[in-house]
Structures are given as structure tokens and as C-alpha cells.
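Here is how the chains run, residue by residue.
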Amino acid sequence: MLNSERSPITGKRVQLMATCLCDAFYDDVAAATVEVLEHLGVEVGFPESQTCCGQPAFNGGDWAASRKVVRHTVRTFAGDEPVVVPSGSCAAMLFHGAVLEFERERDLPEVEALGRRTWELADFIVNGLGVSSWEGRFEATVAFHRSCHSRGTASGEAALTLLRSVPGLRIVEFGEGEQCCGFGGTFSVSFPNISAAMGTLKLEHVRAALPDVFVSADMSCLMHLGGLAAREGKPIRIRHLAQVLRDALKGGIRE
Amino acid sequence: MPSQPIDQFARELSPETRASVYQSTKTTHEKRTKLLFDQFADPNRLRTLAGEIKQHAIENLDTLLPQVEARLTGNGAKVHWASTAQGACEAVLRIMQARGATKLVKAKTMVSEEIELAHFLEGHGIEALETDLGEFIVQIDHDHPSHIVRPIIHKNRREIARSFEREGLGAYDDDPGTITRRARHYLRHKYLAADVGLTGANFVSAESGRIVLVTNEGNSRFCLAATKCHIALVGIEKIVPRDRDLAVLLNLLGRSGTAQELTVYTEFIGGPKSAAQPDGPEEMHVIFVDNGRTEVLASECREILRCIRCGACLNVCPVYRQASGHAYRSVYPGPVGAVLSPLLAGERFPQLADLPKASSLCGACNEVCPVNIPIPDLLLRLRQRAKEENVPSPGTPPMGAWALLASQPTAWRAALAGGRLMNHVPTKLIPVPALQAWAAQRELPAWRGGEFRKWLRQRRSR
Amino acid sequence: MSDDREAIFSRVRGALAPLRVRAPLPQYDTEIAVLRQVLAGRDLAELFGERIRKVGGLAFFTPAALVAHLRTGGRLHGYCDPVLWPGLAPHFGAGFQVETAFDRTRVDDYAFGITRAAGAIAETGTIILNDAATSCRLGALAPWVHVAVVERSSLFADLPQAVAGLGDDRNVVWCTGPSKTADVEGILIEGVHGPGEQIALVV
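Residue numbers (this note's numbering), protein chains in the order written: chain A, 1 to 255; chain B, 1 to 462; chain C, 1 to 203.
To be clear, the hints were calculated from the coordinates, so they are not data collected in a lab. Be a bit skeptical, because a hint or two may be false.
Taking beta-carbon pairs under 7 angstroms as the criterion, some of the chain C residues facing chain B (in silico) [said to hold, decoys possible]:
| id | residue |
| --- | --- |
| 1 | P160 |
| 2 | V163 |
| 3 | R170 |
| 4 | S179 |
| 5 | K180 |
| 6 | I187 |
Here are the simulated lysine-lysine pairs, DSS-like style, with alpha carbons at most 30 angstroms apart [said to hold, decoys possible]:
| id | chain 1 | residue 1 | chain 2 | residue 2 |
| --- | --- | --- | --- | --- |
| 7 | B | K103 | B | K78 |
| 8 | B | K387 | A | K68 |
| 9 | A | K12 | A | K250 |
| 10 | B | K78 | B | K228 |
| 11 | A | K250 | A | K234 |
| 12 | A | K234 | B | K428 |
| 13 | A | K12 | B | K454 |
| 14 | B | K34 | C | K54 |
| 15 | B | K103 | B | K190 |
| 16 | B | K454 | A | K68 |
| 17 | B | K78 | B | K190 |
| 18 | B | K103 | B | K228 |
| 19 | A | K234 | B | K26 |
| 20 | B | K190 | B | K228 |
| 21 | C | K54 | B | K31 |
| 22 | B | K454 | A | K250 |
| 23 | C | K54 | B | K26 |
Just so we're clear, the structure is a prediction, and the values are computed from it rather than from any experiment. Beta carbons: idealized from backbone N, C-alpha and C, even for Gly.
Work out the full structure: start from the sequences and follow the hints.
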């Protein structure tokens, strides 16, 4: 496991890292995350000075630039409460990527400490809080994209555990489920041809399974796939896991 | 916005080649996964263990190399050392010249591709013939392998049949059975006429000095049954500490590479043939090749030296599947090549510094690697090295301004609000290259910067 | 040459010097590399027969069955290990031409080659040849049909046991099924350079 060493959960207060994508495009996903956590009796704090996890520059090789952002993030999320992120990708940046780029830095211990208390949402609910079933109702056939940053973590299984427990929700498998959607951050713009080919293939597989909703725990994959599908003129209905859980509490799919 | 070289290569690849590469890599990958998970309770434990064995070996080469040298010498083999590609080629030539030998048959070895041995020997009047079917076809076509295990994954049977016809190996016939039979007939007489058989090594046991070779076709066995002199070209990272470790590694190699429980021929060569045996080499030479490996060992990417060349990471890689092997412009393609090739390039690192970018960092390569190499982490380290060395990288957006923005909360919030303009301006008119590249293929969602923060404040004030 | 040796050793030492800790040599039970559910409760010879068929080979348990198979395939001319031949000859009736010396100038004349195996591996259906047991390397390789005579007592259960039993022979070869390739369009073709039929005669 990439994140096997973790600080134990004490108390019912967390800090939410909304992620830059939700901050800029997908406000409802961040809102759903808050509602889901509050439903579980968790008090959600939101440090207003948060920005981004630092991953774009890290992946681009500009580690100096990335470290600048990570240092800001470490300061922003000070304290010892768990940090919950509705994105496997940003969570992995904090507990794995940041540690890699700080290997030779003096403030590595602070970065590692933040990593140990950073949780992807589904992982936090299932393995942090010990909640493995969900209530409400969500009448829909769901295709779940296990995003790549959940490899080597418990997040993918955790999300599926929750989804499978939602009354009315049916999961459909689709071909080559282990394959990447083709987003990959800056990869999507510096390898436009391969990125789109990967995305198109993923969409073909997903569409063949005839789901009502296409769900993931990462908005970056969904932004890429949803954007490709819309450009093809064959839009698909995308939802973040948090939205599905929130909507289940309210009776089902909301448009 | 210009895209990366590998992306451009993929765009120009023929749909036929892409389809055949995609289909065969996908099939092998799926069979591999089924085989491992059906047969072992926890294949990941096996992969982790194999990784630990190889990591121990490469981190103890200072003691294991002298040990293996002593064992090989004790077994009756002659050991040679080559720092460079040139040195390795010359060592082969010297051995041949000392025997007055002019004909060499060779089994598949990636090191010989790396040092361009066949080309070198031909330049010195020596016939150096590839005997692996795929490599033989590559050789008659003056082409390059495009996959570590499946050298002609990029070719179809019609192209091969035309090559055979051109080389006088029979009238056009694209039946794979006929192609194979013709190669069988042609090559067996070449083995028997050859002076020297050259192989690589999949593993070398430091405990016994045994060289382990695996092939499916039996060509390396034929080289060692027909000729009187064996030369093994071995990368210095091929050492394993003990014989018992071979059971773990062999279990993984066949399954990972070709979805076989065991490769057909597994040879354990401890020295020249015994006196009573009529067939096989009376003389055995082992050439240990560095050619950049010690530099890799000194780097922060030394885990890549664990690689056992199974090709599983190529088969699972979505980028390899779209781009095929030649896109990587080096002997080692795919994820392992994206790490290894720029490292082995030495001073030519900048020329191959784009390779580590050819990844969405999806991590599938690490997940299938039989020796659990953290390939994505190594790709990231090399991206960082390229940035540090100021290697230009087409299509990669600059990050300085973004980092400034993302470390100043006030500026960040202002940008969140200001981004709304995007909803009112046609995307085409926004002069941000990355945005243009995105929008060329995908719709952009509506900008809703700051909406969540507003919602949360309202919820809290209730 | 010796310069290269010293240069390589010195670079290796230099590369490893900064490592504060070296990766330890893992200690493990080789049981991890055994297909226990395949082996559980099975007679090794019977399992070996099953597994060799799974990899495209064949197993016979009587010389008569082997001879019938060769006759059906029209494989009438072959090579046989001189030590084995006196025992096998009575089973080969008229019509067979068997030589006990392998002439490498006529490799294509032999439709089959019969040699002695040093052992076999039940788990994988593998025939083990070595320099001491196997009369000639080419006789086990060049003919279309290779028959290895495997003694029941020489069967290893699994890979780790077979590795432990490599012995001191300078040349040990595990043959798992017929020679094969999938180089052309991924299509499996048997009999590339070595035998197209890999047969074990279990005695």
C-alpha cells in the first residue's frame, strides 16, 4: 500500500480539501462531500486559504514550483485533524508524490505528517470511520471508473463497497476496467492524440455497458471523459461518488 | 501547441499496426492476469518478494560480481568485462578471431541489440545470424524490434511473407505455419555450420555460477547443441543471489511475459559441455557488460535494474498500445524503456528526455511488474531531471506562474472569480495554449469558480 | 580487458558507497512459489501426464502406446540412445529404422529422437534433460518428435524442488512442451527450431 502508515482517527472533525477542480468547476461535488460527511456526524472545517495540492507541477517535473505549493498546503492544513479530499489523485499527491519531491528537503517530516492524515473520501468513510453501508435509495445502473490514483490504495474497493450497499443501485462491469482514461494532467494537452484515443476507448467500453450514470471518485477523469463525450455529440451523465451518496439520501438522481 | 514526439508518432501510425499491437498486447495482458490470479493465492506477495531479491542483488553487486566471476571460472568458463558497447563488441570479435571463427548464430539478447553487435560483426566480415524467428525477420528487413519479447509485433503476416519471398525463402505464402517451417529449415543448417553460438542470460546465480536462459523456440538450445563455442553477453544486473531464488523468478517470468506457466526451454548452463556429451560448446565465454548500468546504479532510479525484461509493462501500457515500440526511438520501448533508455543514453539524455513524459502516470506498469519496480516514480524523477537540465519539452505548460498563484490565497480567490469571464468569451479567443489543446478535443465545463465557497458560507451562516 | 574489470568494479563500489543501508537478502519459504492446489493429493506421474498435455506435449505410460503413436504418425526413422535401445527394441516391430548414433550431417533424416530424461516436474509438465543422462543434445532437439524416457522415481513435484535438485551437471535443460512461437500475429505455431512433438514415456 502506498499509504499504509496512517495517523489514527480521533474525534469527528476533519478539514476538507475541496481540490482546485471543484473550486473552479465542480462546486456541487465539494458541496456533496460536505453533506455526506455531515450526514455521518463529522464536523467539516474548510481552510479558506487552500488552493491546490501541487500535482500539476510535480507531474510536469517542476518540483521546485510544486514544493512551493505543497508548502503552502502544509501551512494551510496545519493541526492534527484528518484532511479529507474528494479525489484519489490529490490525496495520493499528498501522501505519496509530495513525499517523493521532499526527499531531500528539511521540512520532509511536516510533509510526511500531512500525508499520514490525508484521506481520499471513500477510504475515509469506509476505512477511517468504519462505515461500510449506505442508506437512502438511488435507482440507477452505475458504471464505476476506478481511477488510476486508487491503485495501491484502499480507495477503489472502499468506493465499490459503498456503492454496492446503496439500495436500488446496480453496478455494471465494463471492458478493460483497469485501463487509464487518458487524462493524466498535463499529459492530456501534451499528448492530445494518445490521450483522446485512450478516452475514446474508455467511452466505448462504458457505453457498451449501458449505464445510467458514470461514476468515479476523481473529477479529473470525469472532466476529460465527459468533455470528450460531449464533443462527440454523445454526452454521458457523469457523477462523483459524493454526489451519488448525497443524492441517495435525497431519494435518487438529481439532474 | 506542439505535441510531444511520441504523440506525433502515434498519430501517424497506420491503423493496421495500431490494431495489431493493441490486440496482441491486450490479449497477453489479460491471459497473464488470469494465470497469476487463478494459480497463486497472492501473486502480489510473489511480485514483492521477487523485487526484494533483485533489489538485494543490485545493491550488493560489489560482492556478488566477484563471487559470480569466481564461480564461473571454477566451472571452466572464461570471464570478460566490458565497460562500453564498443568494448563488448570487440570482446566478441577477439574471441572469434582467436578461434579463426567466421560464423556466429545468436539467440535473442537485448544486450546485443543495445550494443548493435550484429552490425559490428558484419563490418568485420563475420556472419552474425539471428535465430529467434522474430529477430530473424527484423534482421532480413533491416528493421528494429518494437517489443522486448515480441520483436515483430508491428508486422503482419503479409509483410513477412513478402520478405521471405524477397530473400529466396520460398514463393509468397502468408500462412504463419509455412513461414515458421521455412525458417526452421533454413536456420537449422546455419546452426550446424556456425562456429560460435551467442546468447544472453536471463539470470546468473551468484551461488552456483549457473546462467539461466529461457526461450520458447528452442533456438538458444540449438545454438548450444550445434556449435563448439558459447559466448554469453550478460548485463551486470542479471545476477541473482541464490539458485533457490530462480524458482520464484522463473514462476513470474513466463507468466508475466507470455502468459505461460513456464517458458518452453529453460536452460541452466554451468560451464562448457561435459566430456561424455558429444554435442555442445567445449569453450564458454561470459562477457559482463556495463554500458551505462553503473551510472544507473549510482542514480536515484536504480530500481529499474531489477527489470527481468518480461514486457508485461509494455503489454498493459495504454501509451505503448497506441504508439507501438518504434515511437520510443530506442532498444527498450514502453514504460521500462521510458526509464531505462534515457538513463543508458548517458550524455545523450536530452535526446531521450521526452520518453518519461509519455505516460499518464496511471501506474498499471507497476501493478503488473513481476519485480514490482515503481516505474511511475522513476518517470517522475526523470521528468524532474530533464527540467533541472533545462531540456525543452514541447507541449508542457510552464508552471512558474501557476505555482505563484497557487501559493497566494488572495490571488487564487481573485482568479477563481475572474475565471468566470471564460463563460462569456469563446474558448477560441482565450490565448492559453493548454486550454486550446484541451478544447480542440473536449468540451470545457462551465466555470463556477468560488461557487462552493459561497455555498459553504451561506450554509454556515444559517 | 582487465582495465575494464577494475573500472566496472570501481564504479559499482562508487555507486553503492552512498547507500546507508543495503536491501537485505530476503528469507522466505519456497512454498510461496508452489501451486499447492494443483499438487494436493495427486499421484505425481498421473499429474505429470496431465500437465504435459496441457502444455501441448504427450505422455505415454507403455512403450507399446508410444510405438503405436509413432507408427500412426508415419515416424518410422529415428534416433535412440544406445543405452535405451536394447530395452525398447522388442516393442518396435518391423518397418522402423532406428539408429543409435546421431549423424549431425543428416539432421533432417530423423523423424524422432529417443533420449533419457534426468527427471521431470509434475507441476509444470516439464521434462528435464542434462549432459549426463541425455546421450546427445541434437538427438533430443532436431527431430520433429522428441521422446524422453522418464523414470517415475525421478519426478519432482514442483519448481522449487526441481531447482534444489539441479545437481552438479554443467548443462540442465527443462523442456516444457514442444518448441513454439507466437511471433507472427500472435498465432501459436509449434515446432520452430526444436521438436513439434514433445513426448514423455513414463516408465
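Task: Violations among the numbered hints - done: No numbers; nothing is violated.
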